[in-house]
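K.L.:
Taken in sequence, the protein lines are chains A and B.
Here the first sequence stands for residues 1 to 127, where the numbers follow the numbering used here.
Here the second sequence stands for residues 128 to 249, where the numbers follow the numbering used here.
Heads up, a few of these hints could be off.
Said to hold, decoys possible - One-sided and incomplete, this derived list gives chain A residues near chain B with beta-carbon spacing under 10 Å:
#, residue
1, Cys32
2, Ser65
3, Trp70
4, Ile73
5, Leu82
6, Gly84
7, Asp87
8, Ile88
Unchecked claim - Over 10 Å on every C-beta distance to chain A, these chain B residues come out as not near it, computed from the model:
#, residue
9, Pro170
10, Glu173
11, Glu180
12, Arg181
13, Pro184
14, Thr189
15, Leu212
16, Gly230
Hints are computed from structural coordinates only; laboratory data are not their basis.
C-beta atoms are modelled at their ideal positions from N, C-alpha and C, and glycine is treated no differently.
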Amino acid sequence: MTDEQIRDEIQRAISEERVMLFMKGTPDMPRCGFSARVSQILNATGVDYAAMDILPDPRIRQQLSGLSGWPTIPQLFVKGELVGGCDIITEMFESGELAQTLGVEQPGRAETPAPQAPAQAPPLQIE
Amino acid sequence: MGMRWRVGGRSRRAVRNGDRRPRPGCRPPARKPAAARYLLRVPSTEEVKERIERALPGARATVTDLTGGGDHLRAEVVYGGFAGLSRIEQHRLVYDVFDGEIGGAIHALSLKTSIEAPEGET
Numbered sequence: 001m002t003d004e005q006i007r008d009e010i011q012r013a014i015s016e017e018r019v020m021l022f023m024k025g026t027p028d029m030p031r032c033g034f035s036a037r038v039s040q041i042l043n044a045t046g047v048d049y050a051a052m053d054i055l056p057d058p059r060i061r062q063q064l065s066g067l068s069g070w071p072t073i074p075q076l077f078v079k080g081e082l083v084g085g086c087d088i089i090t091e092m093f094e095s096g097e098l099a100q101t102l103g104v105e106q107p108g109r110a111e112t113p114a115p116q117a118p119a120q121a122p123p124l125q126i127e
Numbered sequence: 128m129g130m131r132w133r134v135g136g137r138s139r140r141a142v143r144n145g146d147r148r149p150r151p152g153c154r155p156p157a158r159k160p161a162a163a164r165y166l167l168r169v170p171s172t173e174e175v176k177e178r179i180e181r182a183l184p185g186a187r188a189t190v191t192d193l194t195g196g197g198d199h200l201r202a203e204v205v206y207g208g209f210a211g212l213s214r215i216e217q218h219r220l221v222y223d224v225f226d227g228e229i230g231g232a233i234h235a236l237s238l239k240t241s242i243e244a245p246e247g248e249t
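Please construct the entire structure, taking both the sequences and the accompanying hints into account.
P.N.:
Here is the structure:
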């Protein structure tokens, strides 16, 4: 795959998927504490989302950061717009702003996952 | 070489919660040779604090090391210049201080940004 094909595929995912998460690993098997937290939060909101693992090819991350101007992973896009990474999504989730952005109801306290700080998550991958 | 990854490592369909089919796109991360890691000089929390405060005049930064390993840092930045900016824009201002280093020497920089309380309101 050429760099252009990778960039086009990322661009297409951002524009076609209403809620698009770029992460390390997958929602079922996240490979970084920060990515794990954001996918847990999305699961808690019950929103339908698409996810792309950036790890299989380092060019995915390069192209993604080039497009978004955002250096870190995860990155969450809603309706084609970058909403934020782990810190912003966590803050927005806690304030109820995320549910609003996603167009879903804020989950009740019982469903809230209370994600652990990434520091306590399983050892983070060194790339 | 065919396509090695897809949306969600699956079909075009969005990843649904609870969908546990195997994901062909999921591979372990490539490891850097050990020598390459040693070449990346990791800035200290003190240095990160100074660089933020130097780049954003009047900002106050509190930098902590989340893991003790020196490469997962958290910075809480209070800066009047954040006024009127979205969270994304506020975080970008701080990330820009470390252009190219985040994801490299600094594996992760967790941020919390806030706007300085006006004088007398603290």
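K.L.:
Take the hints in turn and mark each one as holding or not.
P.N.:
Right, here's what the structure says about each hint:
1. Cys32: holds, 8 Å
2. Ser65: holds, 8 Å
3. Trp70: holds, 7 Å
4. Ile73: Given a least distance of 8 Å, the restraint on Ile73 (chain A) holds.
5. Leu82: Holds, about 6 Å.
6. Gly84: Nearest chain B Cβ about 6 Å off; hint holds.
7. Asp87: holds, 5 Å
8. Ile88: Since chain B brings a Cβ to about 5 Å from Ile88 (chain A), closer than 10 Å, the hint holds.
9. Pro170: holds, 15 Å
10. Glu173: For Glu173 (chain B), whose nearest Cβ neighbour in chain A is about 19 Å away, the distance exceeds 10 Å, so it holds.
11. Glu180: holds, 19 Å
12. Arg181: Holds, since 19 Å exceeds 10 Å.
13. Pro184: holds, 23 Å
14. Thr189: Answer for Thr189 (chain B): holds, closest chain A Cβ roughly 14 Å.
15. Leu212: Leu212 (chain B) clear of chain A: closest Cβ-Cβ about 12 Å, beyond 10 Å.
16. Gly230: violated, 6 Å
In this structure, only the earlier hint numbered 16 is contradicted, and the remaining ones agree with it.
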